[in-house]
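Each protein sequence line maps, in turn, to chains A and B. Going by the UniProt record's numbering, the first residue of the first sequence is number 1, and it counts up by one from there. Going by the UniProt record's numbering, the first residue of the second sequence is number 1, and it counts up by one from there.
It is possible that part of the hints are untrue.
Heads up, the list lumps identical chains together, so a pair's fine if it works in one copy or across two of them.
In silico DSS-like links for lysine-lysine, alpha-carbon gap of 25 angstroms or less [what the hints assert, rightly or not]:
#: 1; residue 1: K312; residue 2: K207
#: 2; residue 1: K82; residue 2: K312
#: 3; residue 1: K138; residue 2: K202
#: 4; residue 1: K394; residue 2: K38
#: 5; residue 1: K38; residue 2: K353
#: 6; residue 1: K207; residue 2: K38
#: 7; residue 1: K128; residue 2: K38
#: 8; residue 1: K205; residue 2: K138
#: 9; residue 1: K385; residue 2: K82
#: 10; residue 1: K42; residue 2: K244
#: 11; residue 1: K205; residue 2: K82
#: 12; residue 1: K202; residue 2: K30
Derived by calculation from the structure, the hints in this document are not laboratory data.
Number of protein chains: 2
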Amino acid sequence: MTTEAEEKALRYRRAQSVTTAEEITEKENKARRLQFDKPCHKPRDSLFSWSSEFTNFTGLVNWGFLMLTIGGLRLFLENLLKYGIRVNPIEWIIVLTGYNEGNRYQFPSVILLIFSVVPAVTTLIIEKGVAVDILSEKLGLSLQLSNILFVLILPVVVLHYKGPEFSFVGITTVCMIYLILFLKLWSYTQTNHWCRNGMKGKMAKNKLRRQSLSAPNWKSFDDDKNDAIAAARLVKYPDNLNLKDLFYFLLAPTLCYELNFPRTTRIRKRFLVKRLLEVVFGVNLVLALFQQWMIPSVTNSVDPFSQMDPIKITERLLKLSVPNHLIWLCFFYLSFHSFLNLMGELLHFADRKFYGDWWNATNISVFWSTWNMPVHVWAVRHVYKPITERGYSKVAASTVVFLISAFFHEYLVSVPLQMFRIWAFLGMMVQPPLAVISRFAELRLGPRYGNMMVWSSLILGQPLAIMMYYHDYALDHFKPIQ
Amino acid sequence: MTTEAEEKALRYRRAQSVTTAEEITEKENKARRLQFDKPCHKPRDSLFSWSSEFTNFTGLVNWGFLMLTIGGLRLFLENLLKYGIRVNPIEWIIVLTGYNEGNRYQFPSVILLIFSVVPAVTTLIIEKGVAVDILSEKLGLSLQLSNILFVLILPVVVLHYKGPEFSFVGITTVCMIYLILFLKLWSYTQTNHWCRNGMKGKMAKNKLRRQSLSAPNWKSFDDDKNDAIAAARLVKYPDNLNLKDLFYFLLAPTLCYELNFPRTTRIRKRFLVKRLLEVVFGVNLVLALFQQWMIPSVTNSVDPFSQMDPIKITERLLKLSVPNHLIWLCFFYLSFHSFLNLMGELLHFADRKFYGDWWNATNISVFWSTWNMPVHVWAVRHVYKPITERGYSKVAASTVVFLISAFFHEYLVSVPLQMFRIWAFLGMMVQPPLAVISRFAELRLGPRYGNMMVWSSLILGQPLAIMMYYHDYALDHFKPIQ
Chain A
1 MTTEAEEKAL RYRRAQSVTT AEEITEKENK ARRLQFDKPC HKPRDSLFSW
51 SSEFTNFTGL VNWGFLMLTI GGLRLFLENL LKYGIRVNPI EWIIVLTGYN
101 EGNRYQFPSV ILLIFSVVPA VTTLIIEKGV AVDILSEKLG LSLQLSNILF
151 VLILPVVVLH YKGPEFSFVG ITTVCMIYLI LFLKLWSYTQ TNHWCRNGMK
201 GKMAKNKLRR QSLSAPNWKS FDDDKNDAIA AARLVKYPDN LNLKDLFYFL
251 LAPTLCYELN FPRTTRIRKR FLVKRLLEVV FGVNLVLALF QQWMIPSVTN
301 SVDPFSQMDP IKITERLLKL SVPNHLIWLC FFYLSFHSFL NLMGELLHFA
351 DRKFYGDWWN ATNISVFWST WNMPVHVWAV RHVYKPITER GYSKVAASTV
401 VFLISAFFHE YLVSVPLQMF RIWAFLGMMV QPPLAVISRF AELRLGPRYG
451 NMMVWSSLIL GQPLAIMMYY HDYALDHFKP IQ
Chain B
1 MTTEAEEKAL RYRRAQSVTT AEEITEKENK ARRLQFDKPC HKPRDSLFSW
51 SSEFTNFTGL VNWGFLMLTI GGLRLFLENL LKYGIRVNPI EWIIVLTGYN
101 EGNRYQFPSV ILLIFSVVPA VTTLIIEKGV AVDILSEKLG LSLQLSNILF
151 VLILPVVVLH YKGPEFSFVG ITTVCMIYLI LFLKLWSYTQ TNHWCRNGMK
201 GKMAKNKLRR QSLSAPNWKS FDDDKNDAIA AARLVKYPDN LNLKDLFYFL
251 LAPTLCYELN FPRTTRIRKR FLVKRLLEVV FGVNLVLALF QQWMIPSVTN
301 SVDPFSQMDP IKITERLLKL SVPNHLIWLC FFYLSFHSFL NLMGELLHFA
351 DRKFYGDWWN ATNISVFWST WNMPVHVWAV RHVYKPITER GYSKVAASTV
401 VFLISAFFHE YLVSVPLQMF RIWAFLGMMV QPPLAVISRF AELRLGPRYG
451 NMMVWSSLIL GQPLAIMMYY HDYALDHFKP IQ
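If we strip away everything but chain A, and leave its shape as in the complex, we get (with noise of 0.2 angstroms):
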């Protein structure tokens, strides 16, 4: 604003050889580059100064990216050390088809699997009942209920009397496999209870309509027209109750069943043969570490774990946070990213959303809304909204969520273990207390912040639940070593 005027002052100055004192400065610069001492010194700050106001620090991400891998090859390098190889692929197939001296022959678990198939056809036959009127909708709901519940309960009686005759993972499998199989049942009656509700509803509407007298619309009755094309490609209620439509639903990689699930075209080749590999060579990544790294660690934090000494507790929790994040994170891609598009490509299914963008997740809240798409969306549509609707508050529905949630991650471990604690159940119902806490920090400190939070509780809550258990299951299961 002032330019002109300082212009004029500048202008006046020079005409009056009078020189500012910036000037002499420059000046003498100029002046002490002429003399002969080859002067190499000027006024500057160093970079991490304020006032250099230098701010390109990227190459420290490379050096936090090597620093990574130098810590992780020297665990590797002291574990193979301490160690030796533990890798063991016999000891993989014991565990994995349960199959041992003990019980030669007998595979329980495999036979509880197939068993899977009769709750599954059980389920249509009673729709099916339900849809010709041979059952009325109340008893048919009522069969549907003991038939899905039968589900959830069986594995738990069958390991109550034959609990000897099962491997862990084999256990582990049936009982994943089953709740999977119960989430199923339930989205499948219910969408086929909508269905029912609807065409009565639309019959209803339809009288109602014939009833009434309008002008045809001739510009809709053309999208009228297009809109018939279309809707009678699609399936409709009840020709969808066959067993191809069932099985195609059981093996979808998806929770919610609908009538006419989008489709793909073609099967990609080299994006199965990708997955595929992904899978076979994952898997065995995964049990490598697991033998290698993860049972040590785990056997080793039990006893600090007894004495309650809290910096060694510390310690062996940090120990054991690493191989258990990198175990987790390898679970995951293998699960939500290669085995559920392997699953989608084959089936020619073709909404492959099966996770967000957790790790970017800046609160609680977004992370369990984002890390598991197919129980999010399961529980959106088939809890938390039929809450809402009728009338409850979202908190409601959000809690009834977290119990049910917190329920079968409580299933999940407690089954398997034969060890009825509460430390799944607790660790997911300290959820929303974290999910507020995180959400505040996003608030106060920024986003940065609340996606560490996500981070620190994934990273470190885990492997305290695991200490819990196994120091639990330690102390029921094996004498003290001393």
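Following the hints, complete the assembly by docking chain B onto the known chain A.
Positioned in the frame of chain A, the structure of chain B alone reads:
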């Protein structure tokens, strides 16, 4: 280009009510959404699939930071559990001052440090002698040369005869200070030599100019006047040859002498206090890290090095590299930012470029020319340029700089350890080939890989050299513990 034709075809199709496949799919999706099964699936790709074009992985930077923190914390606790608290301030005082039971009230390092004033003043006297023509240029030069070589040799000789009276840290400090003195006196002598030559040249030129006749240019006359005002404020040879000027240079945070250093107008108190606190706390931090982390790591690494077991050596090297690197980073910040800025602020010294952004260096040459600016500027001004100005090639000049640098590295390690091995010298001599390789990596694989090579050589090279020395030192001084 074909949009017009396409549009025409589309209009035609619309007119004919012909519906394309995409339109049918669009309609189908719309129709699906109108069904009663509340569909929740859409055709879409997983985020990790290339086809999704998703690239936001900023959360992974936070992940890396957190994993480093957790790893660091774990190492800290492990160290505490394994070695207890080893930090011992009394030991520092003994090590730093060389005070112990054996040589009570004898501080040989301190005496040597005070004695360093003698050769400095000698240089001034000789320089003065040459300036007032008591000494001839040639005699002066050889006296100066003898004097600065004496500076370099004195610590070696004293240590040879009085070795056991010195502490390791004491003699390292003496070597460091005497080396800095050597470089400063070299610069002082050479700069004064340039000034004398310049004055002689100017006198010859002025004689020539006075003989020639030229019309005075008024504009340039005005400039000349201003120049003259500026130049009048500057100190000119031989007015600079006094004790005050010499001691200012010896204390100033630079190795290059010039007659008129750029000056600041005031001392920033806040800045001064911050740097002072950094120095006080930083030195304690480095010493604590050294006692607690570095010494046990080095001690534990000697055995694998003797056994020449490659896996164990690698593991130990990686384990040592972390504390060593962190200490080096602290040392760098303390010396080049905190301490030199403190001295600069106290002495009104305006040129604070003590380091460039070496953390972004994309090849090893850039690293060597930016991490230690005082030495780099000295080497360019007093070795590289004088050699190239005499007509020698740049390669020859670079080689000489490297040889001198390698010699000084060896000097700083071998003299205090009293072990004339070649490891530090070799460490410096592998830098030119590494520079070529890293330049190649930068050009072929991109700057990120060049930068990673710089960091790797820094993180892994130093502990390797330290291990070599410590191994030899332990073999000489300790008996096997078996």
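task: Against the structure, test the hints numbered earlier, and report the numbers of the ones violated in rising order.
output: Violated: hints 1, 9 and 11.
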